[in-house]
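Protein chains in written order, with the working numbering: chain A, 1 to 115; chain B, 1001 to 1113.
Hint data in this document are derived by calculation from the structure and do not stem from the laboratory. Since this is a predicted model, take the numbers as computed values, not measurements.
Per the computed footprint, the stretches of chain B lying under chain A, defined by three or more beta-carbons under 8 angstroms from a beta-carbon of chain A, are:
(1) 1042–1051
(2) 1097–1107
Within a straight-line C-alpha distance of at most 35 angstroms, the following computed DSBU-like cross-link-like pairs (lysine-lysine) qualify:
(3) Lys1068/B - Lys1105/B
(4) Lys57/A - Lys1068/B
(5) Lys1105/B - Lys53/A
(6) Lys3/A - Lys57/A
(7) Lys1056/B - Lys59/A
(8) Lys78/A - Lys1105/B
(9) Lys1068/B - Lys3/A
(10) Lys57/A - Lys1105/B
(11) Lys1077/B - Lys1054/B
(12) Lys1054/B - Lys57/A
(13) Lys3/A - Lys1077/B
(14) Lys62/A - Lys1105/B
(15) Lys57/A - Lys1056/B
(16) Lys1077/B - Lys1056/B
(17) Lys1105/B - Lys3/A
(18) Lys1056/B - Lys3/A
(19) Lys1056/B - Lys1068/B
(20) Lys59/A - Lys1068/B
(21) Lys59/A - Lys1105/B
(22) Lys1054/B - Lys1068/B
(23) Lys1054/B - Lys3/A
(24) Lys1054/B - Lys59/A
With the C-beta cut set under 8 angstroms, the calculated list includes, among others, these residues of chain B facing chain A:
(25) Thr1032
(26) Ser1093
(27) Asp1094
Built from N, CA and C at the ideal position, the CB exists for glycine as well.
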Amino acid sequence: GPKVLQIPSHQIIDMGQMVTLNCDPVSNHLYFYWYKQILGQQMEFLVNFYNGKVMEKSKLFKDQFSVERPDGSYFTLKIQPTALEDSAVYFCASSSRLGASYEQYFGPGTRLTVL
Amino acid sequence: GDSVTQTEGQVALSEEDFLTIHCNYSASGYPTLFWYVQYPGEGPQLLFRASRDKEKGSSRGFEATYDKGTTSFHLRKASVQESDSAVYYCALSDRTNAYKVIFGKGTHLHVLP
Chain A
1 GPKVLQIPSH
11 QIIDMGQMVT
21 LNCDPVSNHL
31 YFYWYKQILG
41 QQMEFLVNFY
51 NGKVMEKSKL
61 FKDQFSVERP
71 DGSYFTLKIQ
81 PTALEDSAVY
91 FCASSSRLGA
101 SYEQYFGPGT
111 RLTVL
Chain B
1001 GDSVTQTEGQ
1011 VALSEEDFLT
1021 IHCNYSASGY
1031 PTLFWYVQYP
1041 GEGPQLLFRA
1051 SRDKEKGSSR
1061 GFEATYDKGT
1071 TSFHLRKASV
1081 QESDSAVYYC
1091 ALSDRTNAYK
1101 VIFGKGTHLH
1111 VLP
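Can you build the whole structure from these sequences, using the hints too?
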């Protein structure tokens, strides 16, 4: 089936540094999402993105977070500066359209550890 | 806000046992309900969905029936196999939440040979 790729699979950085998580979505998909899963907790929605703009973001999407997809390349999540509580697995997803009938395809996640 | 509750965090069964994982939801609208499965090193993948009361979703021998009265969508399989070992997530999505997927905490299923 369609695959979403995420790079890197693991990232370890020091608190206060900047990090960029990369997502290669399914090729003809137009809607992109980030979800965050802290160890032992449920996966939670961060943000969705369409046509170059953030459509909706949750309260977890702090001011230090930003997303973009320049020129149809990777869909990225940037955190600047990072904090200890940003340690989690971040999942990217994409879908062809918006709606519960349109499956969101998830990547394998990037495990971020902030020291 | 909308939420999904899975009561079992871990389930350990032997091959050919019957599986039930309980899922209850709370939603202000009329959500679509999902079961996702996640294997080690992979992201969640859709197992099946149901959009209407009394609708049954099914795939690979797994099934669940949308029950609006009890706000439940319990996952069942008559005879599990070792290859079914994975994490199972119940989830919902609806227009009132801009179609973001709201997940339960997940149930880790271990099937012993």
